[in-house]
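**Q** Please take these sequences and the hints and turn them into a complete structure.
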Amino acid sequence: MNVLTRLTSSAAVAAIMALSPLSALAADITIAIGSEPSTLDPQVRDDGGERAINDNVYETLMARTPDGELIAGLAAAAPTPVDAKTWEFKLRPNIKFHNGEAFNADAVVNSVKRVIDPALKSEQAAYFGTITGAEKVDDLTVRIITSGPDPILPSRMYWMKMIPATYAADAKFAEAPVGTGPYKFTSWNRGQDIVLEKNADYWGDAASIDKVTYRFVGESGTRLSGLMAGELDVITNLLPEFAQQAPKFAAVSGLETSLMIVSTDNEVTKDPRVREAMNISVDRKALAESLFGGYATPAKGQVVNPKAFGYNKSLPDYVFDVDKARALIKEAGAEGKTIKLVGEAGRWLKDRELIEAVGAYWKDAGLNVDIKIEDFGEYLNQLFDKNTRPDAIFLSNSNELLDVDREMTAVLQSKASSASNSDQEMSDQISAARTETDIEKRQAMYDAITKKAYDLSYLVPLLNQQDIYGFSKRLEWQPRVDSKLLVKEMKITE
Amino acid sequence: MAIPMPVTTPVATARNAAQRPTLLSRLDEFGRELWQDKLGTLGFAVIVALLLMAILAPLLAPYDPAAQSVISRLKPPAWLPKGSWEHILGTDHLGRDVLSRVIYGARASLLVGVLVVLFAGSFGVVLGLWAGFRGGRTDSIIMRIVDVQVAFPGLLLILLVISVIGPSMATMIIVLVVTNWMVYARVVRGIVLSVRQTPYVEAAEMIGCKTSRVIFRHILPNLTSPLLTLGILEFTNIVLAEAALSFLGLGVQPPATSWGLDVANGRDYIFVAWWLITFPGLSIATTVLAVNLFASWVRVTTDPQEREKRFAYQRAKLAARRARRSPQAQSSEAKSQGGRS
Amino acid sequence: MGGFLLRRIGQGLLVVIGVTVIVFIATRMVGDPVKVMLPLSATDAQRAAFAQQIGLDRPIATQFVDFVSDMARLDFGDSLWQRRPALDVVLERLPNTLKLIGAGLGLAILLSLPLGAIAALRPGGWVDRTTVFVGLFGLSLPQFWFGLLMIVFFAVTLGWLPTSGMGGARYYILPAITLALPSLARLVMLVRSSMIDELNQQYVRTARAKGLHFKRVVMVHAMRNTLVPFVTLAGWELISALAGYTVVVETVFAWPGLGLTAMQAIQKSDLFLLQAIVFTVAVLIVVINVGLDVIYKLIDPRIRLA
Numbered sequence: 001m002n003v004l005t006r007l008t009s010s011a012a013v014a015a016i017m018a019l020s021p022l023s024a025l026a027a028d029i030t031i032a033i034g035s036e037p038s039t040l041d042p043q044v045r046d047d048g049g050e051r052a053i054n055d056n057v058y059e060t061l062m063a064r065t066p067d068g069e070l071i072a073g074l075a076a077a078a079p080t081p082v083d084a085k086t087w088e089f090k091l092r093p094n095i096k097f098h099n100g101e102a103f104n105a106d107a108v109v110n111s112v113k114r115v116i117d118p119a120l121k122s123e124q125a126a127y128f129g130t131i132t133g134a135e136k137v138d139d140l141t142v143r144i145i146t147s148g149p150d151p152i153l154p155s156r157m158y159w160m161k162m163i164p165a166t167y168a169a170d171a172k173f174a175e176a177p178v179g180t181g182p183y184k185f186t187s188w189n190r191g192q193d194i195v196l197e198k199n200a201d202y203w204g205d206a207a208s209i210d211k212v213t214y215r216f217v218g219e220s221g222t223r224l225s226g227l228m229a230g231e232l233d234v235i236t237n238l239l240p241e242f243a244q245q246a247p248k249f250a251a252v253s254g255l256e257t258s259l260m261i262v263s264t265d266n267e268v269t270k271d272p273r274v275r276e277a278m279n280i281s282v283d284r285k286a287l288a289e290s291l292f293g294g295y296a297t298p299a300k301g302q303v304v305n306p307k308a309f310g311y312n313k314s315l316p317d318y319v320f321d322v323d324k325a326r327a328l329i330k331e332a333g334a335e336g337k338t339i340k341l342v343g344e345a346g347r348w349l350k351d352r353e354l355i356e357a358v359g360a361y362w363k364d365a366g367l368n369v370d371i372k373i374e375d376f377g378e379y380l381n382q383l384f385d386k387n388t389r390p391d392a393i394f395l396s397n398s399n400e401l402l403d404v405d406r407e408m409t410a411v412l413q414s415k416a417s418s419a420s421n422s423d424q425e426m427s428d429q430i431s432a433a434r435t436e437t438d439i440e441k442r443q444a445m446y447d448a449i450t451k452k453a454y455d456l457s458y459l460v461p462l463l464n465q466q467d468i469y470g471f472s473k474r475l476e477w478q479p480r481v482d483s484k485l486l487v488k489e490m491k492i493t494e
Numbered sequence: 001m002a003i004p005m006p007v008t009t010p011v012a013t014a015r016n017a018a019q020r021p022t023l024l025s026r027l028d029e030f031g032r033e034l035w036q037d038k039l040g041t042l043g044f045a046v047i048v049a050l051l052l053m054a055i056l057a058p059l060l061a062p063y064d065p066a067a068q069s070v071i072s073r074l075k076p077p078a079w080l081p082k083g084s085w086e087h088i089l090g091t092d093h094l095g096r097d098v099l100s101r102v103i104y105g106a107r108a109s110l111l112v113g114v115l116v117v118l119f120a121g122s123f124g125v126v127l128g129l130w131a132g133f134r135g136g137r138t139d140s141i142i143m144r145i146v147d148v149q150v151a152f153p154g155l156l157l158i159l160l161v162i163s164v165i166g167p168s169m170a171t172m173i174i175v176l177v178v179t180n181w182m183v184y185a186r187v188v189r190g191i192v193l194s195v196r197q198t199p200y201v202e203a204a205e206m207i208g209c210k211t212s213r214v215i216f217r218h219i220l221p222n223l224t225s226p227l228l229t230l231g232i233l234e235f236t237n238i239v240l241a242e243a244a245l246s247f248l249g250l251g252v253q254p255p256a257t258s259w260g261l262d263v264a265n266g267r268d269y270i271f272v273a274w275w276l277i278t279f280p281g282l283s284i285a286t287t288v289l290a291v292n293l294f295a296s297w298v299r300v301t302t303d304p305q306e307r308e309k310r311f312a313y314q315r316a317k318l319a320a321r322r323a324r325r326s327p328q329a330q331s332s333e334a335k336s337q338g339g340r341s
Numbered sequence: 001m002g003g004f005l006l007r008r009i010g011q012g013l014l015v016v017i018g019v020t021v022i023v024f025i026a027t028r029m030v031g032d033p034v035k036v037m038l039p040l041s042a043t044d045a046q047r048a049a050f051a052q053q054i055g056l057d058r059p060i061a062t063q064f065v066d067f068v069s070d071m072a073r074l075d076f077g078d079s080l081w082q083r084r085p086a087l088d089v090v091l092e093r094l095p096n097t098l099k100l101i102g103a104g105l106g107l108a109i110l111l112s113l114p115l116g117a118i119a120a121l122r123p124g125g126w127v128d129r130t131t132v133f134v135g136l137f138g139l140s141l142p143q144f145w146f147g148l149l150m151i152v153f154f155a156v157t158l159g160w161l162p163t164s165g166m167g168g169a170r171y172y173i174l175p176a177i178t179l180a181l182p183s184l185a186r187l188v189m190l191v192r193s194s195m196i197d198e199l200n201q202q203y204v205r206t207a208r209a210k211g212l213h214f215k216r217v218v219m220v221h222a223m224r225n226t227l228v229p230f231v232t233l234a235g236w237e238l239i240s241a242l243a244g245y246t247v248v249v250e251t252v253f254a255w256p257g258l259g260l261t262a263m264q265a266i267q268k269s270d271l272f273l274l275q276a277i278v279f280t281v282a283v284l285i286v287v288i289n290v291g292l293d294v295i296y297k298l299i300d301p302r303i304r305l306a
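Chains as they are written, first to last, in the UniProt record's numbering: chain A, 1 to 494; chain B, 1 to 341; chain C, 1 to 306.
Quick caveat, the hints were computed from the structure, so don't treat them as lab data. Any given hint could be a false lead.
Said to hold, decoys possible - Derived Cβ-Cβ restraints for the label pairs, each shown as a range:
(1) B:Q197 <-> C:Q202: 24 to 34 Å
(2) B:T286 <-> C:R58: 27 to 37 Å
(3) A:K386 <-> B:T286: 47 to 57 Å
(4) A:D265 <-> B:W274: 43 to 53 Å
(5) C:W236 <-> B:L228: 14 to 24 Å
(6) B:Y200 <-> C:I25: 30 to 40 Å
(7) B:D64 <-> A:D321: 51 to 61 Å
(8) A:F384 <-> C:R73: 28 to 38 Å
(9) A:N381 <-> C:V65: 27 to 37 Å
(10) A:N381 <-> B:K38: 38 to 48 Å
(11) A:D364 <-> B:L282: 30 to 40 Å
(12) A:G148 <-> C:V68: 26 to 36 Å
(13) C:I60 <-> A:D455: 29 to 39 Å
Just so you know, these numbers come straight off a predicted model, no measurement behind them. Every residue, glycine too, gets a C-beta built ideally from N, C-alpha and C.
**A** In structure tokens form, the structure reads like this:
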């Protein structure tokens, strides 16, 4: 188990806690989320606040263990491919939605059809791009049809929440969600809180917490205040500096990996030696320690999330060697040449700091680095510009589906969203791997691609960040690799 | 607040003015009069110190305010355990020296404050003079614009415009100028209208004095003291507005420094590093308080009516004390009062 | 009075038109809502579809005509962030802001009258000097800073009050005090100085000479004449609070009012929501202004409303 959990407490914090009124009952907890959901419709937005709540109300056909392994959820077992474009799911029997509607093939078909319907304009559509439809075989058997061979479909189904067939058409659906999950919706006091309570008829293991209140607190300082004052039991995105301050905390390897996308066509950076120098001149360990207080892991030769399918286990660590980097730059005749490093500030944890630190390392290796911190709109312009690529651009890539395809499309496949290379061969390899349904073959294909990207230094992967959670003293929980806040896994100890 | 006695009566001032006093004697008079109001003096001293700090920032600041140092992050102030005299007020989450940032932060506050008051003031004064003088249609159009703009949802509109144009110091200054000129126009127009009705200005206009001469010779002198007070008070508003906008992320942008911005940055760290918000916050409060103290002295000193009142209170106080005290104490009291004036 | 009201309402219309034009120009210059609103993984086709959906692909003139006619029908469009009519969001959050202003301004008004009056009784006395100094102090503290310090002290260290958010009465205390602080300072100073003036007036001296009890003179006569400037300033405080001065307090205390919503709308580039907020507030201010004029008339019939 790679989950790193450290618990801490201090006398001062205990004193503070003792002074604060513990108004809630033992099995009621309060969780702070960064922003209020704009809707509780589980299929429309791609929004962390909505997910934090609906992950407890709704369930999906596939699920994951806290460590990220894909397992069956509402499906009775992993799906079986019927042909290249069809997957068959068997469903668990006797499951009911909170309003009494049965969970069956109709519910699944409705869920699939609704989320891919262009009229819904779902922001989640990108996760389900390959799905063209679903058909009912019998009450507990469903087939999902894709536009081409899609090996990631099981992972995709882990992202698609199952909604009731009838109630989903109700006008109240977006405000009063009804799922099959361990918690059911109680109230939504707009601007203030959302309350869920335990679903006594839950089909799986019974949850131990009776009631959970979600409060919306945008500022991380304010969230920490609430935790310290004993008003909150769980807060997310705890800054590394505060880990020791919180009554309790836990860190777990997260979904985000930061990197620099280096252009392979630009004047200075087209030389692989320069790009290699850019990779080995960065002391990732020092960055992880100093900027993230140790709550980040240096990327191992690739940008692929270590928990994701397709992670190349054979790639080595980048060895920090500034002398060799200087030599390579000199050899390539790039000494003192200017490269433009584009970044933004404020979107991701410590982004500006990280960008500036990497820029300083490159300077140290002999390049002249022009750091441009753009406002987010301009940054996106440059990130998505298909024609002119900046020499280097910062990105923090998040892999929700835990499948390597995300990294491939985002930063490696030429002309895909934000890659900076023009390697047609690699682009074809990626396309081929995307439709390969044989798991081992697919892994091998990706290994070849990531190896090539490593050898030619198409990217400068930086750090795999850990998510840090702060808890109240009474709460016990093992945070998940997929960042989901599943209340059924939490416990209260008084 | 110590209530000073006027050093000179209005009549005396008028006589002095006729003699065209030298700059030095004016300064001397200013100094002696200010000294009577201890809090006003304190305020003035702080303002001078802040101005020096802002101007001499590169000489005074021990470090580059933007220089980050990953090794020395969140160091406490020198007098705390773990603190060191290398960073007297400690360092922030990026290892930047708090003292240097506080010193440089004065620049943003003062620069924005001074420029906005200057530009908004000039614009407002010109429009106010124009409206007051031309009267009729011009007056009613200008004043209608003032009325309408005053009724705008000011700060919300500022937020909207800044978020659209993109936050920067220049944007902030422009937006604050555009939203803060109205009060000057109103005040100036009011004074112009009332002064024009005084016999001497009517006479001057009647004998054919040029408008410009009337304005410069007769009207502007009447404007100086209310405008001075207004400008100083507006300055405090602008300093607070700059801090608030920077705090909201819509004002000064990093890597530049501003006290408001630093409070916002330090906000996430209030539990591990209280000094991050404390010192910039204190700096804003001190600046505004100093200016306010000075302003209340200026207001009382430049307004003949207020001076009258000030004089009256002093007399009343004296009388009250006399009434309460025994006859022996009275004479010494009177002496000490006399000595103070 | 009818003619006067009509004129004021006409002026209010000018305000609304002015705000319309400014908001339109401003929001149509926004960087690019399409890019900022959609997730990083959105495809080009999705982006184009989104631009078309919210009408950003049409010529500016067409957009303006639609804009004005929408405003006239109180249709501000759907909030991009909330995906429901922007006006609904505004009307849902407005009461929270009004409650906060009510608590804060109420506190300031209730405290300022006695404090100012007591200070004015003996100008130059220690009570007076303390009041003036504390008042100046209140005017000088940046609200966001004062609010943060109060959170640290009263909510975290002492654990007496909630750190943020909205709920029962306890949730109001810190934000209301923070909001009240500068208004209280200004109101106290005003009550003090106008009471001092009033107490120096001939009629007060006469009343006292006639043997009227001093307290009664203060309470009935001087206070009454202080009311006009007091209502003017209190009205101004109300308007400036509405005009956005709650933004800072709401941000610091995560108070779910219009100010916080405006900041969130800015972060999400939700121009429809932002413009709905600005409009509603502009209209509200116009209404309050007219209301205040009527109040003056009631307090002091000598005032000619022209």
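**Q** Using the C-beta atoms of A:N381 and C:V65, is the stated range 27 to 37 Å upheld?
**A** At 29 Å between Cβs, range holds.
**Q** 27 to 37 Å was suggested as the range; check whether the CB atoms of B:T286 and C:R58 agree with it.
**A** violated (53 Å)
**Q** Return holds or violated for the Cβ distance of A:G148 and C:V68 against the range 26 to 36 Å.
**A** violated (49 Å)
**Q** Should the hint that B:D64 and A:D321 are 51 to 61 Å apart at their CB atoms be regarded as holding?
**A** Because 30 Å falls outside the window, the suggested range is violated.
**Q** So the hint says 47 to 57 Å: do the beta-carbon atoms of A:K386 and B:T286 match that?
**A** holds (53 Å)
**Q** Hint says 38 to 48 Å; check whether the CB-CB distance for A:N381 and B:K38 agrees.
**A** violated (58 Å)
**Q** Can you tell me whether the CB distance of A:D265 to B:W274 sits inside 43 to 53 Å?
**A** With a Cβ separation near 50 Å, A:D265 and B:W274 satisfy 43 to 53 Å, so the hint holds.
**Q** Look at the Cβ atoms of B:Q197 and C:Q202 and judge whether their distance stays inside 24 to 34 Å.
**A** Check passed, 25 Å falls within 24 to 34 Å.
**Q** Return holds or violated for the Cβ distance of C:W236 and B:L228 against the range 14 to 24 Å.
**A** holds (22 Å)
**Q** Per the hint of 30 to 40 Å, is the separation of the Cβ atoms of A:D364 and B:L282 within bounds?
**A** Once the Cβ atoms are compared, 38 Å apart, the range 30 to 40 Å for B:L282 and A:D364 holds.
**Q** Look at the Cβ atoms of B:Y200 and C:I25 and judge whether their distance stays inside 30 to 40 Å.
**A** violated (47 Å)
**Q** Between A:F384 and C:R73, is the Cβ distance one that fits in 28 to 38 Å?
**A** Once the Cβ atoms are compared, 36 Å apart, the range 28 to 38 Å for C:R73 and A:F384 holds.
Of the hints listed earlier, those the structure fails to meet are numbers 2, 6, 7, 10, 12 and 13, in rising order.
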